[in-house]
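Using the hints, build the complex out of the two chains.
Residue-level listing of the chains:
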Amino acid sequence: MAARREPELARRGLAITGLGTFTGARVAERLLESDAAPRVVALDLRLPRRLEGRVRFHRVDLTEPTADSLVAEILEKEGCEALLHAAFFTDPNPDLELSHELEVVGALHVMNAAAAAGLRKLVVASTAQVYGPHPDNPGYLSEAHPLRPQRDAHALRDRAEMEGLLRIFAQRHRAMCVTSLRPAWVLGPSLESSLTRRFEASRVITLMGYDPLLQFLHEDDWIDAVELALERDAPGAWNLAGEGVLPLSTLLRLAGKSILPLPHPLLYRLTHLESLARTGDPPAAFYDHLRFGWLVDTRRAREELGFEPLYSSQEAWMSFVVARRLRGYR
Amino acid sequence: MSPERDRRAHGRIPPEALAELRASVRALRDELEQRFGVRDSGPTGDEPGDEPGESVELEPPAPEPDERSLGPPPARASLFEQLRTGVRARLEEIDVVKLYESLRERIAIPGAGDISAEVDDFGLDLRYLARARRWLDWLYDSWWRVELAGHEGIPDAPRVLFVANSAGILPWDALMIAHAIERTHPGHGRPRALVADWIATLPFSHSRLARLGAVRACAENAERLLAQNHWVIAFPEGQKGALKPFRERYRLQRFARGGFVSLAVRLRAALVPVAVIGSEEVHPILFEPRILRRLLGIPVPVTPTFPWLGPLGVVPLPSRWRIRFGEPIWFDTVPMERAGDPLYVNRTREQVRGAIQNLLEEELPRRRSVFA
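Respectively, the protein sequence lines represent chains X and E. Take the first sequence: its letter number 157 is residue 483 in my numbering, and every next letter is one higher. Take the second sequence: its letter number 235 is residue 259 in my numbering, and every next letter is one higher.
Hints were generated in silico from the structure; no laboratory data involved. Mixed in with the good hints, there may be bad ones.
[Said to hold, decoys possible] Among chain E residues calculated to face chain X with C-beta under 7 angstroms, some are: (1) 146; (2) 147; (3) 164; (4) 221; (5) 224; (6) 227; (7) 231; (8) 242; (9) 245; (10) 247; (11) 381.
Beta carbons: idealized from backbone N, C-alpha and C, even for Gly.
This is chain E alone, in the form it adopts within the complex (with noise of 0.2 angstroms):
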């Protein structure tokens, strides 16, 4: 059972119960009344918080003869009283038990307050990803201000393997494709985007990647998201497509081996080419110094804001976004073998790498700016 829905089934106590826990302690106390002839005089006379929707103005008890003759007018000591009881009230609504439980989970180890105790098989959590979403809608609404066509197109398969366009040195575009096909048809889980090698290397960002679905570009990992019956996106250009420079923009480069055909032959997999734009823009790069990779073992692209700003570098320009899906490829009728004959992988490959340049060759002219 997760955690989170153990915590609300605490948290929220059956209305029937109630009754029957108020009714008891009622019988409690008339029993002390009569036994000892104690009067409960708290002021949770009635319970006045547990009630929702019940207000909290209740009659104040009434005052004792020798307190009305010392303090203040009849009139201002309900108001008073009022206040107090209210403000009590109030303050026994709060589950001390949940807040104490809260405090302790964010203080043992600071920011784990928002991982829940089970991942998939790679990282996936499913509590980190709901409180994400919120800053991806964001992402995807307003800050590029995302644009679909063809997504009707989209198979209804179990397995479906999206190849698209990279770029932007971070995984902005694997994050909003998945998250714009999460959107149009959310039967299918998260799609499982494949990242860059360096990504893994890199701290924080591969933590965080993989709690919201990221996976290490690599044949095994691909083969086992498609088996389980995940849809995936691939971005076959690699290292080299991110981190290609400004002036080469939409202009696909090589793709890699072509594993990801012999990948959808093998496990029957319809192909979905992607192209993506407005990606290309989020962080122009406009050199990649070799010293520095030599130096740190990871690529320093350098963008107009990218080390001169530090973190403030690492902000996404707003691009406008358009993500276009292809028709879909079947390899349904191809033989099997066709997955281990390297002319038959290089030949789909380059079919499916001018299907996306032609999607981009389509929809570029189709922009009038690129912010706009």
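The following block holds chain X by itself, in its conformation from the complex (with noise of 0.2 angstroms):
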């Protein structure tokens, strides 16, 4: 899939934060396995077994107080071009603090190197979740929407405000090329996140009475999207989903799963305690998710981008479904 587009212009070097992450680890294999093969510059707490010598990894605490100048120095080093950051937490981590520091002062830290490197291109991995559930959300929401997350989901509302920091940054540094991207929900047979654990369950737990219309991106499809970004100057956010939308209700039953409705008070409440034993987000950050509609507009990056992804919000679904069975779930 990555030899279908050929490389705009070759990459000099290119930096990723969060190796470590779905995002991070893909997109460098897909980098190195193409014709025009960037040198990928990893910084994280760890590397990657299947990257072991094929990046150039350096040992990066985000959240220390003086990530900032030893990122820039790196990049300076290395002779960095663009930098692609994706170290974000995959689920809610229970850790608040560490997860503020990380969200958002770990990707400030990224963009105040940037800035200092003089690179030429930042690619923010951000969500389309940062828009938020609400009940009266637009059918479709357009990338100049308010950012208004679910006011539980503590994750989601740093990464609102690290994409609040990073509009403002953007604007400062006018000279730099700042991409923020933020996909539906990520989904496809080898990604793995809470959300993926709670659909694999054999038995899903819905609210009674609601049936919302929900849309996916695959996961090839991502990567392709992050891909895109850094080939082609994309400054601004962009929303990214496969075309097609299905109720909630459909999709379960095209998985063959069973549901559990409840009533959306006594699940809130009830789920309080399992909130408390996992010490996660607490789940009307996620139940609201499958309240409330949230579904975003792609015409832009269809448009300017040239974005086409390859499965629509239906295919990704049943690749997640049927990949998952194959590995024994129901």
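As structure tokens, then:
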């Protein structure tokens, strides 16, 4: 799939923060396999084993107070031109302070380092969940819509704060191409997240009387989009999602899963216990996404970035379901 | 491909293929007989139930001599055999696989058997709509006995924005106007009604309404729908209209910000005023206690039936309806900049409001009674 687009400019050096995340690792692998493989500089706490010896690894802790100068030094020394910032927690982290340090302060360190090193491009892997599920959302959210993440979701609130900082940063550094990618829920055969764990269960809890429309982005399309953003100059925010939408009930039926509809006041109270045990985000933060719509309008990415996802929402969902079934999930 | 089409294609076997299949089965059976001397004496000797028009009364197989000596008299035996073969043939007609599939589908998720695997951008489900059409027709023809007037004047344009008076808590009027337009102008697909915000937060009703083509009322949604050449029905009175008390029936409330005017100007849509008579009596609202709204977060109107009779109170009263479509208003010659001119938008909004109020005033004295 990487071969379907010719790289428009030979990338000199690409820095990736958060190589251990799905996004970071996949993008690095994809770029290393391409014809015009750039020099990949990895910044993370540890190096994934399958990338050993293939990237130039620097151990950086973005939560350290002086991380920014360290990162700037590395970027200058390695002669990097672009940076992909993917060092975010895949799942809401129970340690709220650490989470904030990494998601907001860490991102700020990266931004400042990028400016100090005079990078040409900064791409940030954000999420469309920053728009938040709300009953008064329009059917399709454009990139200009205000970010109103679910108020109990600390991880998403941090992400939205980061997006705000990023916007100010982009205004101050107009010479740099600052991109933020906002994908809808990413699903696929291999990605594991708190989301996929919820949908892996044979019986999925839903909210009685609510049947929102959902859209998904296939993991391969997501990596394609990141690659595309690195190749082209795409300043600003970009909504990404597969073609088409489907109601939750239809998705679950297509997957052959049984549902357990619970009234929302009961569910929000009941699952508070679960959240205490697991100490992640309170489930209201998740279940609101199954209650109100938060679909994104992908017109801009399609028309201006030329991003054509190969998988529709339904196909992304089915590829996830089929892959999990092969692994023995029901 | 829609699953419905898929299934239909599976269910029906072309007759030539059936004949071929039958011939090959016959040939195989003959071969079997010749080789092993086995006589296949199954009751389906000639596939009795396969032909739809064919009667199942067939000649019973010749009884064996030894059986005759033991069993009941020949006449009764043949009758019994006849019955048995008949019943068995009928049973074989049932497509077990299909039955199993439909049962499994229904049991897997109760109530989900009637949804399709494809919906449009805003969740309109054609299969669900087709199933609901029976009920909508019944509501339209028998419950409210809807009469139409002025529907010949609806322009045959790709983009038409209907603007109507709203009443009656639940968007019955939206369903009925959409139904009326779809019946008289079938070529334009299902018109999409914009429903009030708070319906979107209401459990159960919203998911069903969305499948029938209702969309939450907001400028972005209306614009997207019109740009996709859908016909759109707007209720600019909004929540104030849906929840107005009974004593203010047929008196149009204020029209919000007139977003519908600038939309029509920008997208070159024809604007059709619509007056609905009868809808304002289906849920006569006595008052709407503010304290309940504050407690529950949603408006709880009190009608003569509503909280008192429980779920029965949601049943709308069977008033007689009349839907009158006014003369279309065109914006083709209006310069685009006017869409952003608040004075122009305001004036046009009040003109449309006046047009609808006039239609209401014309129609109201004409009806003799609310229910007859």
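Hint by hint, here is what the structure shows:
1. 146: This hint holds: residue 146 of chain E lies near chain X, its Cβ roughly 6 angstroms from the closest one there, short of 7 angstroms.
2. 147: holds, 5 angstroms
3. 164: Hint violated; residue 164 of chain E Cβ to chain X Cβ min 25 angstroms, cut 7 angstroms.
4. 221: Status holds, d = 6 angstroms.
5. 224: holds, 5 angstroms
6. 227: holds, 3 angstroms
7. 231: OK, holds: residue 231 of chain E within 7 angstroms of chain X, min 4 angstroms.
8. 242: Interface hint status for residue 242 of chain E: holds (5 angstroms vs cutoff 7 angstroms).
9. 245: This hint holds: residue 245 of chain E lies near chain X, its Cβ roughly 5 angstroms from the closest one there, short of 7 angstroms.
10. 247: The hint is violated - residue 247 of chain E has no Cβ within 7 angstroms of chain X, the shortest such distance being about 9 angstroms.
11. 381: violated, 29 angstroms
In this structure, the hints that do not hold are numbers 3, 10, 11, in rising order.
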